[in-house]
Every structure is written in structure tokens, then in C-alpha cells.
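J.: So the protein lines, in turn, are chains A and B.
Per numbering that gives the first Met the number 0: the first sequence = residues 0 to 214.
Per numbering that gives the first Met the number 0: the second sequence = residues 0 to 273.
Think of the hints as simulated: they come from the structure by calculation, not from any bench.
The structure displayed is predicted, hence computed values, not measured ones.
A virtual CB, placed ideally from N, CA and C, is assigned to each residue, including glycine.
Hints may contain errors.
What the hints assert, rightly or not - Calculated from the model, a selection of chain B residues having no Cβ within reach of chain A, i.e. all distances over 12 Å:
| id | residue |
| --- | --- |
| 1 | Ala105 |
| 2 | Leu194 |
| 3 | Ala199 |
| 4 | Tyr228 |
| 5 | Leu249 |
What the hints assert, rightly or not - To be clear about the criterion: a stretch of chain B counts as covered by chain A if any three or more of its residues have a C-beta under 8 Å from a C-beta of chain A, and this derived list gives those stretches:
| id | region |
| --- | --- |
| 6 | 167-176 |
| 7 | 255-262 |
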Amino acid sequence: MLRVEHLAVRGLAPISFELPAGRCLVVEGPSGSGKTSLLRALADLDPVEGFIFLDGAERREVPGPEWRRLMRYAASEPAWWGATPRSHFAPDAETDRLLAALGLSRAMLDQPVAELSTGERQRLALARAVADGPRILLLDEPTASLDAKSAALVEALIVGQLQAGVGVVLVTHDGAQARRLGHFALQLDNGTTGAGDPGHRPTLVTNAEGQSCQS
Amino acid sequence: MNGAIMNGYVALSYLDLAIAALLVLLNGALSIVFRLGLERTLLLATVRMVVQLGAVGFVLKFIFAQTSPLWTLALALVMVAIAGREVWARQTTPFRGWWAYGLGTATLLFVGTLATGFAVGLLIAPEPWYGPRFILPILGMMLGNTLTGVSLALETLTTIARRERAAIEARIALGSPRMEALSGAMRQAMKTGTLPIINAMAAAGIVSLPGMMTGQILAGIDPVEATKYQLLIMFLLAGATALAVLLATLAGVHLLTDERHRLRLDRLHLRSDL
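Looking at chain B on its own, in the form it has when it is part of the complex (with noise of 0.2 Å):
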């Protein structure tokens, strides 16, 4: 409406967010009509994304206006926690003890800064190079799509170790280590685990546009450079993510067995247990 155009960029103004916010009315008039009762639930999950949004802008701009590397680094580790201890969250059976936060978490410790290392350091090579503008957004995409990998790749293992115990028990029986009596089972893990990064890398641009490459091209960012940096991040969440989802099965088969080589289930608790 009345936004002020700089570098291409057009700011929005408080009225317009109200404006748009109006919208939400309209989820709301359907709860109520159609007596769905989700006006509550509506009404915090709204003012939930406006409180938490607006803090982690505020956020964001304080650490981006401090440009200090320990600031940066700080935010990082937060981020690193937050999503480990999704992976934890999102299984079915975790590992008891230590293992069921440590094993996401160390895997996309090593994972996140190994890429956004990559990216930052190597191919993108900002000044200073720990600018949080260029490390934090790589970093919480290389995050995001690296726990949904690992999330899923745990979760495979450890559902289809306990589905086919009998079978991975006959072969650790008759003599396999460990690695070839969980062999299906890893495949299958690290397949569900990389699927998909593959199913988004062959739907972007025409299925869907990638929310990053929307973003720059709003910003004002020549489309052709917006493409060229959603690929690179493309490539990178590729590698990351079969990087991650490899780690966290190994490890994964390594804390399902010991070393005898035995099954150990009884390492794993059912959440109905907790």
C-alpha cells in the first residue's frame, strides 16, 4: 500500500500485517459456523506465531547488529539443541538414556557444520565470514531438512529391528555380525531417510517453489541469482542430508547391538512406557 521502495525492496507497514491479519477472521467465522470449536485453538496458535516470530526478529536483529562471532555461535548451538531434540521427539521408540537426545543431536552438530562450513566458508565467502547473515539462515535450512532425514531414518531402523526380530536374530544365529544380520533394515532406513531431499530436488520449480528463492526474488534479487543460490542449497541439503541419514543408521546399529553382536531391543523404550 504505501511501502517504501528501497533497492527493489518494498518494507511492509504495520497496517498492512493488521490488514492481513483480518484473514485469520475468516478461519475463525468457519469454526464458528460450522461449529468446528476451534476458535481457541485458533486464537493461540495465532497469537503463538505473532509473539514467537516477532521475538526471534528481534533476535536476529540484535545478533545480526552485533556481527560477533560468540553471538553467532551461541544461536547456532541453540539451533542445534532445538533440533536434536526434535529428532527425539518425532520417534516412536527412542533409545533409553543418554543416546535417545545424544545420537540426533551429535549427528547434526557434525552434519550442520560440516555443510554450512562448506557453504560459508568456501563457496558463498562473505567479510567478515562469520557475518550471522550468511551462517544462521544456512545453517537452520542444512538443520531443518537434516532432522526430518535423520528423524526418519531412525525411526525405520529401530521400527523394522523390532517387526523382524526373529529374522535378524536367526541370522546373528547362524553367524553374521551385526552389520549384515541389520543389513535390510539399514537399507530400508537410509532409502526412507533420503527419499525426501530426492522427491524435493525433482519438484522444485515446477511442483514448488522454494521458499528461500521466493524469498530473495521478493527482496528484489535478479530471479536468475535467486536459482543459482537455491540450487547451491539444494546440493548442499542433498549432501548433508545423505551424510546425516548414514551416520545417524550406523550409529543407529551400533547402539541396537553391542559388542557380542547381540540384538539389544530392550536398549530401546516405547514411548507409552515413559
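Okay, chain A solo, but in the shape it has when bound (with noise of 0.2 Å):
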């Protein structure tokens, strides 16, 4: 279970809630709301004041390397710092089955990662953001450069994933696939017209489950 508590992200009045086990938080908003800033403050890839708790421990009690492992932060745009995907894998059944499950073969490990498309690249990223099972998903647009084909493997890797009890916190501007995958909703883009206001003012609307969220 993930609580954060006066999480104070760039340009965004505090933000606090809870995401229970193997639940979807969808975070929505237009470009520049601060939905990449509040993945990356949940990464702990900035310094941000706040708290956040995981199964009871605060980031700050945890060592930066061993909460992103269990925080996985999935980048809109993946980077990569092998010449070809293999370094960034390890050699395990894994590997092979998410490959297999995003519809991408093993042979696309050797090829340079300038030469694959955009949105193989993308699920790449995906395989190698979830093989080593982390207990929360941080999911920039996962499947904004993706056909629909892709997307609904893409799609049905994260519904395995909440099965399994992985939190997801989830951008997308996909309004359909938002209601399809999403339990909570975060708005970031509401309050924001008065003057001086000091950033975007989030909500947090709960779905037909009905479980509040926001404290």
C-alpha cells in the first residue's frame, strides 16, 4: 500500500492519498499540470518535501537505489545507455515471457536501439520497467506512441500486474483506457483560475468502489 502525505511537487498545492494494493491511480491533466514532476517525486528522482510511505516505510528511511526498485518510475520517452536492449535485460524466463506478452521477439535484444520504432522501443521500456517486480508502477503514458494492438497488450500487462497486487499510478490522456484501468482519479488541472493561486490544486475523485482517498 502507497500513502502520501503533503507531497509539495513544483507548481502543485500539496498532495495526499493512499493507493491500496493491486489499484490503479490515474493521474489527469493537461501538459505542464506537473504529472511528470509528481511520477519523478514518487521516484524519489527529485527532492521534493513531503512524505510517502510503502508498506509502512518512508523513502527517506530507505536507501534511494532499494525504493526505486520497488517505486518504478517508467520514463514517457525511455532512455537507454547500451548500444542494443540486451544490457538492459537479464537473462532470465522473465524476460521471455513479458517479451512475448508485449508482442516483441527475443531477436529485438540485438538490434541497435536507434533502428527499432518508437513504440517498440516503448514496450521495451515497459518489459524492462516491470521484470524485476516492483511493488509500485509509476506509468508516464505508457501507451502514447502505440497502435491499437499494442496498446491492448500493453493494457493487459498492467491489468496482470494490479492482479498480481502491484499499485499503478497511471498518466494518460487516453480518457477510455483512464476509466478502463482506473480506480482513483487525480486531477491536477481544477482551481486554478483564481489569481495568486499558488499552482494547480489536485483532487482526488474516487470511482463507483467508492473508497476515499483524499485526506
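Please dock the two separately framed chains into a single complex, following the hints provided.
T.: Below, the structure written as C-alpha cells:
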């Protein structure tokens, strides 16, 4: 279970919410509203005030690398440090299973990254992100550059992760996808009109299950 | 022309210097004939050189005459401070705050002291050990070379960290500790920092006759003896540069990241911000 208290993401009013295991929180808002900043803050990639508890442990009690093994951020534009995807994966059966589930071939692991399509790179990055079994997935537009068929495979993978008890924080511009996957929604775009407003005021709305998460 | 020969060494008269200085006029004539517009710059550079080198000559003469450990130490510290400033001045994106200057200076102070102490204290072992005639020139050579290595290593490290930010943060997001996430940048930085001294060793004696050896030969030292001194210096430079590059790169990685293993490019600033 993920609990966030007064997280002061830049340009946003402090954010608090709870996300039970196996649930999906959809973060919505226009470009520049701080969705990516929120995901980066949860992964502790930027210094941000406030508290994040994962299964009871606050992030400051957990070494940074260990925290990010549990709270896995997948950027909207994945980056690669090796010439081919191979060096980014552990050579195990889980990798093969994930590639197959996402409609990718093992041969792609040895192709130069630059020669892969944007959609292939995005799916490879998702496989890379879930391969070592994180507790929470922070996904930044995971289907943005995918065709309908590939997007469906990615959604199926996310559903599988949720069923396995992984919590998901999902940034998406696709309203239908948000309704299909989201149990909760975090709006980053309302209450911004008043002059002198410190920033976008986030609100958390619950879905039909009626679980309140706003503190 | 009319130099007095003492111990194989031929002293120059001021008349010799004045005649040699006429050669600078050739440079000025070139500028005037081809309208290069460099006359003023040339004049200024020439006057600066004469004043600066003259001043250094008199300062060294004064300090050599004292043979006092305090005076030697004072000049050594001034040299380290100037070399440290030079490291900072050569960075496109220096660190913010005190570390901008402290990183290079601390590295050079440590490595310069170690290498000079090793050379003068153990190998050359002059009497007295604090004789400025040995300590200061050797420290100067150590600083000159290690500052090049440290500048290049830090510049490479920060340049790659800025250019490869997305890939480095991808590794961090996947749970890599900072040393692992920056391993590619570190390797490249250390390689770039140590290559000049390796190239200098390979070229020594064929492409270039090192300055110190040339100087000793001109001063009447047996060429084989001068070679031995030069080899000692080159070995010291290789070791000192490697150590300085390693320390500066490790310190640079720690400054570029924080205790949470985040990449902190906000700790750098572009020269244009100054």
C-alpha cells in the first residue's frame, strides 16, 4: 500500500492520497500541469518535501536505489544506455515471458536501439520496468506511441500486474483507457483560475467503489 | 656573445636579451604589413611577459635566498590556489557555490603535496629538505600537469552527465546506485583526463624534448643525468595525474548526485548564467 502525505511537487498544492495494493490511480491534467513531476517525485528522482510511505516505510528510511526498485518510474520517452536493449535485461525466463506478452521478439534485444521503432522501444521499456517485480509502477503515458493492438497488449500487462497486487499510478491522455484501468483519479487541472493561486490544486475523486482517498 | 662561463653555464647579458627582443618586431611588422590589427595586443603581451617573468625571477631569488620553510610553504600555497582557480576557469559548467573552486583546489593540494613530498622527501632528498630550489619547481610541474588532467576529467564528466541525462536517470529509476548510473561518464572522464600525460610520455624524446631536460642541458648538466631527472619527473607526473583524475572524478560524481542517489544537474551552472 502506498500513502502520500503533503507531497509538495513544484507548482502544485501539497498532494495527499492512499493507494491500496492492486489498485490503479489515474493522474489527469493538461500538459505542464505537473503529472510527470508527480511521478518523478514518487520515485524520489527530484528533491521534494513531504512524506511517501510504501508498506509503512517512509522513503527517507529506505536507501534511494532500494526505493526505486520498489517504486518503478517508466518515463514517457524511454532512454537507453547500451547500444542494444540486451544489456538492459537480465537473461532469465521472466524477460522472455514479458517480451512475448508485449508482442516483442527476442531478436529485438540485439538490434541497435536506434533501429527499433518508437512503439517497440516503448514496449521494451515497459518490459524493462516490470521485469524485476517492483511493488508500484509509475507509468508516464505507456501507450502514447502505440497502435491499438500494441496498446491492448500493454493494458493487458498492466491488468496482470494489478491482479498480482502491484499498485499503479498511471498518467494518460486517453480518457477511455483511464476509465478501463483506473480505480481512482487525481485531477491536476481544477481550481487554477484565481489570481495568486500557488498552483494547480489537485483533487482526488473516487470511482464506483466509493473508496475515499483524499486526506 | 660575451657571457661568462661558470661551471659550464653561460650567463646571458641584458644586451643579449635586447637583441633577441628585436625578433618580436618581426611579429609586429607582419601585423602591420598584412593589417592583422595585432600590434597593440602584441605590445601588451610582450610587456606583460617581461614584467611577469621578471617579477617571478626576483620573487624566486628572494625566496631561494631565505631557505626558510615558511616562505617556501607560502609560495607553494599561492601556486596551488592559482592552479585551483585555473581548473574552475576552464569549466563550461562549474559546480555552484564553494565547490566550484574547492573541488579542483583540494585535489591539487592533496596530490601536489603527496607527489612533491615523495619526490623531494624520499627520492631527491636534498639538504635541507625544504630547500625551495627543489620543492617549488617540482610542485610547479606537478600542478601544471595535474590541473590539465583534472580540468579535462571534470569537463568531460559534467558534459556527459548533461548530454546523457535521460539515460543516466533511466538507470537511476531502475534502481542503480549513482556510481553505476554514472559509470559510463566516469570512465570517459578518467580516460580523457589521463590521455595527455600518456601521449606526452610516448612523444618524449622523439617529438618533443621536455622543457626541464632542455633547461638542465643548457645549464651544463650531463645529458644522461638530465634524462634521469626527466624520467623521474615523468613517472611522478603519470602517477600524480592518475591519482588526481581519479579523486576529482569520484568527488565530481558525488557532487553531481546526492545521498538519495539522484542526479543533481541543478548543482551545475552554465557560464552564461554568471
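J.: Of the numbered hints stated previously, which ones are contradicted by the structure, given in increasing order?
T.: none
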